[in-house]
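Residue numbers (this note's numbering), protein chains in the order written: chain A, 1 to 328; chain B, 1001 to 1328.
Keep in mind that the hints were calculated from the coordinates and are not lab data.
All C-beta atoms in this analysis are idealised placements derived from N, C-alpha and C, irrespective of residue type, glycine included.
Treat the hints with caution; some may be incorrect.
Computed beta-carbon distance windows for the label pairs [claimed, not checked]:
hint	chain 1	residue 1	chain 2	residue 2	range
1	A	Thr233	B	Gly1181	33 to 39 Å
2	A	Asp79	B	Gly1181	30 to 36 Å
3	B	Ser1322	A	Thr33	43 to 49 Å
4	A	Arg11	B	Ala1023	43 to 49 Å
5	A	Arg305	B	Gln1178	34 to 40 Å
Some residues of chain B that are not near chain A, with every Cβ distance over 10 Å (derived) [what the hints assert, rightly or not]:
hint	residue
6	Leu1080
7	Ile1238
8	Glu1278
9	Val1283
The primary structure of each chain is shown beneath.
Number of protein chains: 2
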Amino acid sequence: MMEPTSPITVRFADVVAAAGRLAGKAHRTPVLTNRSINERASRDVTPREIFFKCENLQRVGAFKFRGAFNAISLIPADDLRHGVVTHSSGNHAQAVAAAAALHGAAAWIVMPRTALPVKRQAVAGYGATIIDCEPTLADREKTARRIQDETGATLVHPFDDPYVIAGQGTAALEFVEQVRGLDLIIAPIGGGGLVSGTALVARHHNIDVIGAEPAGADDAARSKAAGQLIEQTSPQTIADGLLTSLGGHTWPIIRDLVREIITVEDSVTIELMRFFIERTKHVIEPSSAVAVATALSDQVLFNNRWRRIGVILSGGNANIASLPWSDS
Amino acid sequence: MMEPTSPITVRFADVVAAAGRLAGKAHRTPVLTNRSINERASRDVTPREIFFKCENLQRVGAFKFRGAFNAISLIPADDLRHGVVTHSSGNHAQAVAAAAALHGAAAWIVMPRTALPVKRQAVAGYGATIIDCEPTLADREKTARRIQDETGATLVHPFDDPYVIAGQGTAALEFVEQVRGLDLIIAPIGGGGLVSGTALVARHHNIDVIGAEPAGADDAARSKAAGQLIEQTSPQTIADGLLTSLGGHTWPIIRDLVREIITVEDSVTIELMRFFIERTKHVIEPSSAVAVATALSDQVLFNNRWRRIGVILSGGNANIASLPWSDS
């Protein structure tokens, strides 16, 4: 039996339009290179350069600001009067809170009771109202729906929304302007918002895209292999930003425009996270380290076609007081 | 009884000459600003901007590369054939090793047996020869002298050398080009090489300079107060780059050209180090955090004359696997 093929719902032009809305609001983040990392990437004598797009230096410390801001910009004024709502324990919570504040809109952020105090403080610091829920997806969604009903607030989805995807794509749009001649871009995959936006831009420039996924949350890799969307159940990874399943808007883009998904074991992610921070002096979160590890994986480095490799560092919100390694 | 007043032995022109030698060899490091930090600095309603000169992104991860490279450039070829030698357990060891390698010169680095393996590996990675010694200043100096005698190598002092001071000043030279209208520059003080080079540049541009010193190693503050060089005995601070006493070349500059020394308790340094890393996603070492803490101290912020404040982040070689705080 054939599955019906769902169409792609976002276009390159949506990313360009999002970039216009984000101008002067999001940071145009810098691109980093590092001699030690380039040497490590050139191990089989093929000279390679790896370029890192520093979304760890984006507002709220992650690319999520881009998508949230773009989506909120497009809410009609009559609706925006009633505010926005989302559920998240991570970067999307801060992104929606910050973007809503810039629009003068109220924000309700549904957060699990188990969320770290530092994350709650950051969200509250943007003036958002935090609503507690149980740490289950079911209760998060139920609580968000209740807030929608009570307030009329508009839901801002963390990834499965064409405007969110278009916003995330603006990082890649800047990247290809900042670095000429990229032949591959690697982005981490959780729900797929970042890699989807990236793929729209990369396709326009004939650049390959690889999704970087934790081995313990490999729904995208399995979905690609199966040719149909497979949901993630009981993910196990330190990359806490990459636990989610793909969605109805991100899956068709990943299916059609992402070349392949490479999975990374947590032990490798941890080693590369430490290597990256020690060499570059930039803090990245585990989700970013999954993409760094992918760039330095055999699967990538055995392909001589890829010489100028772009990596999107998704964010830097690691809890530096408990990094996942013990002292050497 | 009057002390004889020792003269200043380095001039602004020496810094400019050093910049010429370092062009294309040292990184022109970027300048960082951060919204949260500016808000914290503007707490009494006076708007302030703090600019961070990122020597944590310099080669070897610290400003020390500048001075070492400049000093080695000026060793006559006949002497340089015999190599260079220094004693250091920290950034200067890597700086001399890297700068010597770029000159094709041999380097002997005397390191205490207690130096961290990661530091030894870094030095060895530049092709330098590591010579073990006991972890005392006396044995370090004695061992370095022995190597000099045996090999004819030239000693590269970590700070008390006019060419080293001139090299360190090039960070400030770039800083004043990168940020117009600075009215204060803050640099950490250990042996005083960085703050001395900075002061030569700042004087030329009529910019105030403050030295940032750990309260547990406050020889510069006491020397300034006494009007004469007082040696540091039994320093106690986590800022392991700032343990040293001033020297005969750095003291006259600090005496005459540095406006004041502000001392910082380690507890404040640790808090600001964490705040800085969390907000900026840049790793800095404790010595740098002493300067960050000084910029946000009451002594600085109660002075309304200082609105555009430059801070030199001396380096980023913190051992990220054992940062000095426990989890929150």
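Consistency of the hints with the structure:
| no. | hint | in the structure |
| --- | --- | --- |
| 1 | Thr233/A <-> Gly1181/B: 33 to 39 Å | violated, 58 Å |
| 2 | Asp79/A <-> Gly1181/B: 30 to 36 Å | violated, 45 Å |
| 3 | Ser1322/B <-> Thr33/A: 43 to 49 Å | violated, 28 Å |
| 4 | Arg11/A <-> Ala1023/B: 43 to 49 Å | holds, 46 Å |
| 5 | Arg305/A <-> Gln1178/B: 34 to 40 Å | holds, 38 Å |
| 6 | Leu1080 | holds, 24 Å |
| 7 | Ile1238 | holds, 15 Å |
| 8 | Glu1278 | violated, 6 Å |
| 9 | Val1283 | violated, 4 Å |
In this structure, the hints that do not hold are numbers 1, 2, 3, 8 and 9, in rising order.
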